[in-house]
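Engineer: Listed here are the chains, written in short residue letters.
There are 2 protein chains.
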Amino acid sequence: MKGSVGELGEFGLIRELTARITGTPAVRLGPGDDAAVIAAPDRRVVASTDILLEGRHFRRDWSTAYDVGRKAAAQNLADVAAMGAVPTAVLVGLVVPAELPATWPLELMDGIRDECRVAGAGVAGGDVVRGDLITVSITALGDLGGRDAVTRSGARPGDTVAVTGWLGWSAAGHAVLSRGFRSPRAFVEAHRRPEPPYVAGPAAAALGATAMTDVSDGLVADLGHIADASNVRIDIASAALDVPAQMSDIGQAVGVDPLHWVLTGGEDHALVATFHPETKLPARWRVIGEVLPARGRTTPPVTVDGAAWDKAGGWDHFGGPHGH
Amino acid sequence: MKGSVGELGEFGLIRELTARITGTPAVRLGPGDDAAVIAAPDRRVVASTDILLEGRHFRRDWSTAYDVGRKAAAQNLADVAAMGAVPTAVLVGLVVPAELPATWPLELMDGIRDECRVAGAGVAGGDVVRGDLITVSITALGDLGGRDAVTRSGARPGDTVAVTGWLGWSAAGHAVLSRGFRSPRAFVEAHRRPEPPYVAGPAAAALGATAMTDVSDGLVADLGHIADASNVRIDIASAALDVPAQMSDIGQAVGVDPLHWVLTGGEDHALVATFHPETKLPARWRVIGEVLPARGRTTPPVTVDGAAWDKAGGWDHFGGPHGH
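From first to last, the protein sequence lines stand for chains A and B.
Residue 1 is where the first sequence starts when you use UniProt numbering, and the numbers rise one by one after that.
Residue 1 is where the second sequence starts when you use UniProt numbering, and the numbers rise one by one after that.
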């Protein structure tokens with residue numbers, strides 16, 4: 001595929017984009033009509049939408065179009081999984097400049113399609129318009145399979161807090177990239193292409209998770225959403241968190257406490273959930289804390305080892321290590 | 001609400017936007033969690049998405065934020081109705097500049113909510129990000145209620161072609177506005193705020209419509225999509241089309257054949273469908289043509305009174321009246 005989006009033309013681009021999409025059983029009617037038709041066997045459909053802008057949510061010099069597609073899809077599919085649903089389909093809205101190489105949106109669609117495949121979903125439809133700034137809007141749908149949706153508001157004092165997936169890897173990768181480095185590769189890759197633990201979402205719902213969310217803003221911030229919605233406090237035990245040796249090395253090199261990436265780094269889309277304390281959790285879940293009574297909430301909603309976490313030391317704060 | 005989007009802040013804006021939304025029975029879980037939950041009693045969900053950009057799809061000096069909201073929602077809800085589905089919910093993705101008055105996105109949301117109400121749907125969720133250009137991304141969902149989805153591919157030779165809703169009104173309003181006028185009001189209003197005949201979509205499906213689409217690109221173009229997908233030809237009888245006297249007056253004033261607006265004007269979101277010739281159609285449907293065999297398609301897929309319609313005379317072509 002040579003040439004620009006403008007040279008390929010709107011209909012040519014839509015034809016090429018559609019050709020990249022493969023059918024799935026849940027997508028009963030795919031792109032090409034006024035709307036798509038998607039299976040919703042549960043009689044309810046879970047739906048989440050996000051908009052990503054070039055420059056703000058991704059950079060073309062840091063990530064390939066394929067990786068942007070993987071990441072954009074992952075972000076929405078993780079939201080669906082975090083409700084306890086199995087992703088079924090996504091719809092894609094795309095703004096592309098005329099001078100953009102036509103390969104860019106096509107490789108983006110390859111990435112979206114492949115991430116959907118990992119999550120068990122299909123691309124059901126979309127819209128493409130020409131504009132000055134690359135914009136990717138994704139809506140993901142999912143099926144609850146008879147389970148109750150797991151919201152943020154069901155955590156109860158005494159519940160255990162557990163996490164599955166990666167924490168801080170994307171933030172460490174961002175720190176590496178923003179300093180002009182391209183390695184260590186594992187963290188850079190994690191920043192470019194998160195790996196949300198999709199299947200753990202519906203599994204957690206089946207285990208009776210009382211509340212759940214995906215970690216998109218950072219563990220402390222996202223647990224704060226659960227604490228606020230559930231009117232509880234949450235305490236995280238820092239010793240229970242996994243800080244890989246290589247992440248500590250990067251932290252030392254760039255002068256950032258790696259625990260801060262783990263506690264405040266977003267975009268890895270780990271799943272964090274609360275469970276009744278007697279729930280037997282499979283090995284993939286790591287217990288990292290406890291739900292406490294609100295007690296008037298004189299302390300912040302989420303504490304680490306009983307104390308407030310220093311918010312000033314975010315991963316985009318380059319002032320060096322901070323106390324905790 | 002005073003001040004800019006930037007002054008209100010992201011969380012403030014989301015809080016105000018959410019406060020504008022009213023609950024509906026189909027929206028089981030609305031904004032505020034990782035994803036929304038929407039009823040899908042049919043076990044299938046119809047879904048359509050569109051992106052609108054300021055400058056390209058709307059102008060702030062021509063339309064209020066409220067009208068942009070009405071129009072953006074209408075465009076997607078009409079796609080859902082054109083499948084024969086009853087709209088249930090929309091999700092809204094929004095890009096807003098920091099310097100935009102905060103009233104703008106709030107009034108936009110009022111418009112989206114009110115148009116959803118007309119169609120029987122609710123606002124289930126969304127995403128707001130800051131960016132340079134106002135961008136509105138809407139995904140509409142709908143329920144088929146046990147009916148088959150009406151696609152573009154089911155038209156058969158001998159079927160009648162019928163339309164319900166307005167044709168050419170938005171185009172006439174655009175012609176008026178683009179010449180700096182603000183009246184006649186009915187056409188300007190039609191351009192700012194289309195009135196798709198939502199209930200006619202599911203009703204047409206129940207009547208056994210063989211193919212259906214909403215008129216978003218213009219009658220000839222959209223019937224062309226049906227003709228192509230169904231591998232048939234379609235002939236429109238111009239005498240059967242309704243050209244209001246006031247539209248003729250505007251046409252004369254600006255030197256455009258008003259029939260051209262009716263045949264090529266988009267954005268009114270009328271519904272056009274094909275029916276078995278023996279189908280008894282309610283009064284709201286106007287029979288305007290006939291489905292013919294493809295016959296190798298040496299002629300264009302859609303003809304008017306047996307002849308090709310002169311595409312050069314589109315409503316944005318100001319060269320005066322054209323032959324037909």
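Source of the hints: derived by calculation from the structure; they are not laboratory data.
Glycine included, each C-beta is placed from N, C-alpha and C at the ideal position.
Wrong hints could be hidden among the right ones.
Stated by the list, open to error - With the Cβ distance kept under 7 Å, some of the chain B side facing chain A (calculated, not the full set):
#, residue
1, M1
2, S4
3, P31
4, I38
5, P41
6, S48
7, R60
8, S63
9, A82
10, T135
11, G154
Unchecked claim - Which chain B residues stay away from chain A? Per the calculated CB distances, all over 12 Å, these:
#, residue
12, D42
13, E107
14, D305
Engineer: Against chain A, run the beta carbon of T135/B and see if the smallest gap drops under 7 Å.
Structural biologist: holds (6 Å)
Engineer: The hint names A82/B as touching chain A; please verify it with the least Cβ-Cβ distance against 7 Å.
Structural biologist: holds (4 Å)
Engineer: Would the stated hint for R60/B survive a check requiring a Cβ distance to chain A of less than 7 Å?
Structural biologist: This interface hint is violated because 16 Å lies over the 7 Å limit.
Engineer: Does S4/B meet its interface restraint, that is, does its C-beta lie within less than 7 Å of any C-beta in chain A?
Structural biologist: Since the shortest Cβ distance to chain A is 18 Å, the answer is violated.
Engineer: So is D42/B really clear of chain A, every C-beta pair being over 12 Å apart?
Structural biologist: It is violated; D42/B is separated from chain A by about 8 Å at its closest Cβ, not greater than 12 Å.
Engineer: Min Cβ distance, S48/B to chain A: is it shorter than 7 Å?
Structural biologist: holds (4 Å)
Engineer: With 7 Å as the cut and Cβ atoms as the points, is P31/B at the interface with chain A?
Structural biologist: With a closest approach of 11 Å, the P31/B hint is violated.
Engineer: Holds or violated: is there a CB of chain A closer than 7 Å to the CB of M1/B?
Structural biologist: This interface hint is violated because 23 Å lies over the 7 Å limit.
Engineer: Does P41/B pass the interface hint, meaning its C-beta sits closer than 7 Å to a C-beta of chain A?
Structural biologist: This interface hint holds because 5 Å falls under the 7 Å limit.
Engineer: Verify this label for me: E107/B is non-interface relative to chain A, using a Cβ-Cβ cutoff of 12 Å.
Structural biologist: Given that every Cβ of chain A is farther than 12 Å from that of E107/B, nearest at about 20 Å, it holds.
Engineer: Against chain A, with CB atoms and a cut of 7 Å, does the hint on G154/B hold up?
Structural biologist: violated (11 Å)
Engineer: Checking the smallest CB distance to chain A, is D305/B really beyond 12 Å?
Structural biologist: holds (27 Å)
This entry does not satisfy hints 1, 2, 3, 7, 8, 11, 12, going by the numbered hints stated previously.
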